[in-house]
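Given chain R, put chain F in place with the hints provided.
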Amino acid sequence: MKIYSEIDVDVSTAHELGLTREEYDRICEILGRTPSYTELGIFGVMWSEHCSYKNSILLLKTLPRTGKRMLVAAGEENAGVIDVGDGFGIVFKIESHNHPSAVEPFQGAATGVGGILRDIFTMGARPIAALNSLRFGELDSDHTKYLFKGIVHGIGNYGNCFGVPTVAGEVYFDRCYTDNPLVNAMAVGVVRTDRMASATAEGVGNPVYIMGSSTGKDGIHGASLLASREFSAESENMRPTVQVGDPFAEKLLLEATLELIASGVVVGIQDMGAAGISCSTSEMSAKGHVGMEVNLDKVPLREDDMSAYEIMLSESQERMLVVIKNGYEAQAKEICEMWEVPLTEIGVVTADGFITIRKSGRLVAHIPAESLVLGGGAPVYERERSKPSYLQLTQRKVDVGPKLQQDECTGVLLKLLSSATIASKRWVYEQYDSQVGTNSIIRSDGDAAVIRIKEIPNRAIAVSTDCNSRYAYLDPYMGGAIAVAEAARNCACVGAEPVAITNCLNFGNPYDPEVYWQFAEAVRGIGDMCRVLNTPVTGGNVSFHNESQQHAIFPTPTIGMLGLIEDIDRTVGNSFTNEGEVVVLLGWQRAELGGSEYLKIVKGRITGTAPFIDPDEEARLQRSVLRLVRDGVVTCAHDCAEGGLLVALAEMTFLHGIGITAAIPFAHNAANLFGEAQSRVLVSVPQSSLAALKAVSMEESVPMVELGRTGGDVFAIKDLVGIPVSDLKNMYDTAIPDIMSVSLV
Amino acid sequence: MKIGVITFPGSNCDADARYAATVSGHQAVQVWHKDEAIPSDAEVIILPGGFSYGDYLRTGAIARFSPIMKDVKRFASEGGLVIGICNGFQILCESGLLPGALIRNENLQFVCRDVLLRVENTNTPFTSACHGLMRIPIAHGEGRYIAPPEVLERLEAQHQVVFRYVNELGEATKDSNPNGSINNIAGIINEAGNVIGMMPHPERAIEPVLGSSDGMVVFESLTMHVQRAIESTT
Numbered sequence: 001m002k003i004y005s006e007i008d009v010d011v012s013t014a015h016e017l018g019l020t021r022e023e024y025d026r027i028c029e030i031l032g033r034t035p036s037y038t039e040l041g042i043f044g045v046m047w048s049e050h051c052s053y054k055n056s057i058l059l060l061k062t063l064p065r066t067g068k069r070m071l072v073a074a075g076e077e078n079a080g081v082i083d084v085g086d087g088f089g090i091v092f093k094i095e096s097h098n099h100p101s102a103v104e105p106f107q108g109a110a111t112g113v114g115g116i117l118r119d120i121f122t123m124g125a126r127p128i129a130a131l132n133s134l135r136f137g138e139l140d141s142d143h144t145k146y147l148f149k150g151i152v153h154g155i156g157n158y159g160n161c162f163g164v165p166t167v168a169g170e171v172y173f174d175r176c177y178t179d180n181p182l183v184n185a186m187a188v189g190v191v192r193t194d195r196m197a198s199a200t201a202e203g204v205g206n207p208v209y210i211m212g213s214s215t216g217k218d219g220i221h222g223a224s225l226l227a228s229r230e231f232s233a234e235s236e237n238m239r240p241t242v243q244v245g246d247p248f249a250e251k252l253l254l255e256a257t258l259e260l261i262a263s264g265v266v267v268g269i270q271d272m273g274a275a276g277i278s279c280s281t282s283e284m285s286a287k288g289h290v291g292m293e294v295n296l297d298k299v300p301l302r303e304d305d306m307s308a309y310e311i312m313l314s315e316s317q318e319r320m321l322v323v324i325k326n327g328y329e330a331q332a333k334e335i336c337e338m339w340e341v342p343l344t345e346i347g348v349v350t351a352d353g354f355i356t357i358r359k360s361g362r363l364v365a366h367i368p369a370e371s372l373v374l375g376g377g378a379p380v381y382e383r384e385r386s387k388p389s390y391l392q393l394t395q396r397k398v399d400v401g402p403k404l405q406q407d408e409c410t411g412v413l414l415k416l417l418s419s420a421t422i423a424s425k426r427w428v429y430e431q432y433d434s435q436v437g438t439n440s441i442i443r444s445d446g447d448a449a450v451i452r453i454k455e456i457p458n459r460a461i462a463v464s465t466d467c468n469s470r471y472a473y474l475d476p477y478m479g480g481a482i483a484v485a486e487a488a489r490n491c492a493c494v495g496a497e498p499v500a501i502t503n504c505l506n507f508g509n510p511y512d513p514e515v516y517w518q519f520a521e522a523v524r525g526i527g528d529m530c531r532v533l534n535t536p537v538t539g540g541n542v543s544f545h546n547e548s549q550q551h552a553i554f555p556t557p558t559i560g561m562l563g564l565i566e567d568i569d570r571t572v573g574n575s576f577t578n579e580g581e582v583v584v585l586l587g588w589q590r591a592e593l594g595g596s597e598y599l600k601i602v603k604g605r606i607t608g609t610a611p612f613i614d615p616d617e618e619a620r621l622q623r624s625v626l627r628l629v630r631d632g633v634v635t636c637a638h639d640c641a642e643g644g645l646l647v648a649l650a651e652m653t654f655l656h657g658i659g660i661t662a663a664i665p666f667a668h669n670a671a672n673l674f675g676e677a678q679s680r681v682l683v684s685v686p687q688s689s690l691a692a693l694k695a696v697s698m699e700e701s702v703p704m705v706e707l708g709r710t711g712g713d714v715f716a717i718k719d720l721v722g723i724p725v726s727d728l729k730n731m732y733d734t735a736i737p738d739i740m741s742v743s744l745v
Numbered sequence: 001m002k003i004g005v006i007t008f009p010g011s012n013c014d015a016d017a018r019y020a021a022t023v024s025g026h027q028a029v030q031v032w033h034k035d036e037a038i039p040s041d042a043e044v045i046i047l048p049g050g051f052s053y054g055d056y057l058r059t060g061a062i063a064r065f066s067p068i069m070k071d072v073k074r075f076a077s078e079g080g081l082v083i084g085i086c087n088g089f090q091i092l093c094e095s096g097l098l099p100g101a102l103i104r105n106e107n108l109q110f111v112c113r114d115v116l117l118r119v120e121n122t123n124t125p126f127t128s129a130c131h132g133l134m135r136i137p138i139a140h141g142e143g144r145y146i147a148p149p150e151v152l153e154r155l156e157a158q159h160q161v162v163f164r165y166v167n168e169l170g171e172a173t174k175d176s177n178p179n180g181s182i183n184n185i186a187g188i189i190n191e192a193g194n195v196i197g198m199m200p201h202p203e204r205a206i207e208p209v210l211g212s213s214d215g216m217v218v219f220e221s222l223t224m225h226v227q228r229a230i231e232s233t234t
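Chains as they are written, first to last, in my numbering: chain R, 1 to 745; chain F, 1 to 234.
Same shape as in the complex, but just chain R (with noise of 0.2 Å):
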């Protein structure tokens, strides 16, 4: 077989696609020859870190990825699928552009919005919420107000010209992050389980086709070379390796898609995200124990000049490898000419398992499908682990901080108020559409978003996401198994059974034994929290080599939770809604300070350990919760989280501009204050309520306190804090505008 290659490889050209020799030398086993330069390249992308995961997936396959409620295999397919009954599902998914939008702010948050939505919608499912985690460097210099006000902006246009409600996310800051922001975006689709489509391919004879946009050269190297390296000097002169977004190519491409499918023409569909054509077609074919064969002087190209390797790798957004029956060509015609959607056959599907590809009537690239994948052919590794020497120097007992006058309490809270973390997000969030579908029913008012399903009457479902990473980097187990139980308690507090995650994994170089240790220990404590909550894992993404300057990321694994609601009107927001109402605390209250924002804002440290949690005491406590905001006992729940219970009491007042009276019946200690102890929930009751909220707390065991009742105009706790809720909410809404408006070009 005579297979042409642009320039001679070896071992040198190897490493620059960057593989290792051992990785070279198998690949010279599995073809029985050396490779071609295409072949290299296809190899390299499809083996890299990104799309491999053979630095993770030993680990991941520890999580629990089995539920009674999943449609398909946690892995298998380009997102997970939840049976929400009456014959419908929901698809959803959170996936890494971190590296991308480190070099190119707008276009690489929109286009990681753009790939999460393909996915969701590939599988025959309409997109009815996105949701995004980012984390960003401290907000002092220009540099961080560039990229955050660039990926804001990136992720709105792209969701907001697609057509798709962004409802809910988070955004945290601090130094680690300075030169590698994350951007994890998340969507959630409705499927009827009838109409799934399978990344599949099948039927050999059946042509292949690619659907949407051109491919042109950007992109190129995006997943081995940018998304699995660490960042260096050179870094901003990859700016051409990311992709550029076309949202109105994407909605276009949404409505032909879930036409296609609809119309029964489809054996199989996979979009094209990272390593374009070559992972489409290897992946579709392994799956489907087949080959392909394609010809790419048929794939449309927005320049001329593009050689096999460069078309294969590709990374040029809004584009779909559609696998059609056969005779059913015209119909699929027919459907894309309406939506203007370019549709062209570049092959046919194969019985040999090989991907063949031809360019100018030449063989450039024959390899079997299945080598080239993840649970076939491509390595697996697990790396060396050792526990991280910071640890020592962070790991030291931090006691409960002094007691607090008045005047100084209310001087922490309002600090803490404004600090960028946990001030008012509304600069964000405004900034995206929150309701185009007309299903948003909580956005920013709630601890998670509800989205109805208008296609089950009265259905809806809660969705969040959550990682506070400086646990994570505190100790990472706990770190993990918080962020699990935090989205959960969120949906809980809105009234949702949490019933399956998906998660997105940030962690440095996985060479380095301390990074792996670290993500070893996460893996451990997302599954034990899972394996309590009965919340699987559906999928995710794995985005290593999240590093610079030397230094790595706190470890951040985010989750992002998926809730069912049975009745639309039995939901509640977050912040009190009438006046002379109770207010209890429910859950455990445990006198920490580590790793907390306190700590960080007051004192400018980040020790101590993190939080307690106990996986039983957390699942009675949203037992309870989700019991009392179901049967209506609450008028509106609160996750205490960072900033600890005079925050979370504070942001109560906000929304409604109804205050509290209320006294703090524990020691007034900086930890029982603005402490961050996990496992508690803040919730309003009518005096007339409360005796049915005394026996869910006794049934469950799960200790409630009074602290007050809810009214006037003022934040009124006794001997701690005196303060019109006006005043607290102007600091609050005012301080990342503030930020945002000074001195930025």
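The set of hints was computed from the structure by calculation and includes no laboratory data. Note that CB positions come from ideal geometry on N, CA and C, so glycine has one too. Errors might be hidden in some of the hints.
Claimed, not checked - Chain R regions said to be covered by chain F (calculated; three or more residues, Cβ under 8 Å): (1) 244-255; (2) 428-436.
Claimed, not checked - Straight-line alpha carbon distances no greater than 25 Å define the calculated PhoX-like cross-link-like pairs of lysine-lysine that follow: (3) K415/R - K403/R; (4) K2/F - K454/R; (5) K34/F - K333/R; (6) K54/R - K387/R; (7) K454/R - K600/R; (8) K298/R - K217/R; (9) K425/R - K174/F; (10) K415/R - K217/R; (11) K149/R - K425/R; (12) K729/R - K174/F; (13) K729/R - K603/R; (14) K333/R - K149/R.
Unchecked claim - Under 10 Å between C-beta atoms, here's a sample of chain F residues computed to sit facing chain R: (15) W32; (16) G50; (17) F65; (18) R113; (19) A139; (20) V209.
Chain F in isolation, oriented as in the chain R frame:
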């Protein structure tokens, strides 16, 4: 009544407009932008929100060349009722059915939030059921209404300004203006009184569960308009 909702490539509030029309008791029908004619029995046409043609070139600038727009103009000239919401308003301005233009928001940022509207003219087929202030969402990057001084003067004098952004006291202040629109203008009507354009989204405020049902009055006004028409002919 039968309401036709036009779908341009990139429209993304078309389904919401159809849903709102249906919830408010009307019959909704999708009209494809490449169709040459509006369904003969349609009494109202909605140009919905979204990003027709990706907002490329200029918002609404390409959609006005869609084949259906020729018939929309004919329909409007014969007195047919036309509502342009958000991108639909932009298309109506671009196609000359309404005066003025919509440019980028003053702060150059997209904005999605609830706003309060004062209804300046309830003597239109779209607002006769309105009373008091309305809480309606906006979601746009280019909603800053501008017009030459003489046009503006005429609009104000002839009560063609239908909706204005106001504060809770009903005052058109700078703070209550979300995008820098001149005179806090949120919506206008043509001289003949049958073509209205508005940046706020009444179709997003049609059920209490969505946070507001104030947008319903626009659809109720249409019902009243039809009833009056029937009464006047009998």
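Going through the hints against the structure:
Interface restraint, the stretch 244-255 of chain R with chain F: holds (6 residues with C-beta to C-beta distance below 8 Å; minimum three). A stretch counts as covered by a chain when three or more of its residues have a beta carbon under 8 Å from one of that chain; for the stretch 428-436 of chain R and chain F the count is 8, and the coverage holds. Between K415/R and K403/R the CA atoms are separated by roughly 17 Å; this keeps the pair inside 25 Å, and the hint holds. Proposed proximity of K2/F and K454/R is supported: the alpha carbons are some 22 Å apart, at most 25 Å.
As the CA atoms of K34/F and K333/R are separated by approximately 17 Å, the hinted pair is consistent with the 25 Å bound. Among the hinted pairs, K54/R with K387/R is consistent with the structure: their alpha-carbon atoms are about 21 Å apart, no more than 25 Å. Under the criterion of a C-alpha separation no larger than 25 Å, the hint pairing K454/R with K600/R is inconsistent with the structure, at around 44 Å. Distance hint between K298/R and K217/R is fulfilled; the C-alpha atoms sit about 16 Å from each other, no more than 25 Å.
Restraint check for K425/R and K174/F: the C-alpha separation of about 23 Å stays at or below 25 Å, so the hint holds. Only pairs whose Cα atoms come within 25 Å are accepted, and K415/R paired with K217/R is rejected, the gap being roughly 48 Å. Under the criterion of a C-alpha separation no larger than 25 Å, the hint pairing K149/R with K425/R is consistent with the structure, at around 13 Å. A distance of roughly 21 Å separates the Cα atoms of K729/R and K174/F; the hinted pair therefore holds under the 25 Å criterion.
Under the criterion of a C-alpha separation no larger than 25 Å, the hint pairing K729/R with K603/R is consistent with the structure, at around 24 Å. Between K333/R and K149/R the alpha-carbon distance is near 41 Å, which puts this suggested pair outside the 25 Å criterion. Because the smallest distance between the Cβ of W32/F and any Cβ of chain R comes to about 8 Å, under 10 Å, the interface hint for this residue holds. Interface restraint check for G50/F: the shortest CB-CB distance to chain R comes to about 6 Å, inside 10 Å, so the restraint holds.
Violation of the interface hint for F65/F is found here, the shortest Cβ-Cβ separation to chain R being roughly 14 Å, above the 10 Å cut-off. Look at R113/F: its Cβ gets to within about 5 Å of chain R, closer than 10 Å, so that hint holds up. At its closest, the beta carbon of A139/F sits 4 Å from a beta carbon of chain R; the interface hint therefore holds under the 10 Å criterion. Proximity of V209/F to chain R holds as hinted, the smallest CB-CB distance being about 6 Å (cut-off 10 Å).
In terms of the numbered hints stated before, the structure departs from hints 7, 10, 14, 17, listed from lowest to highest.
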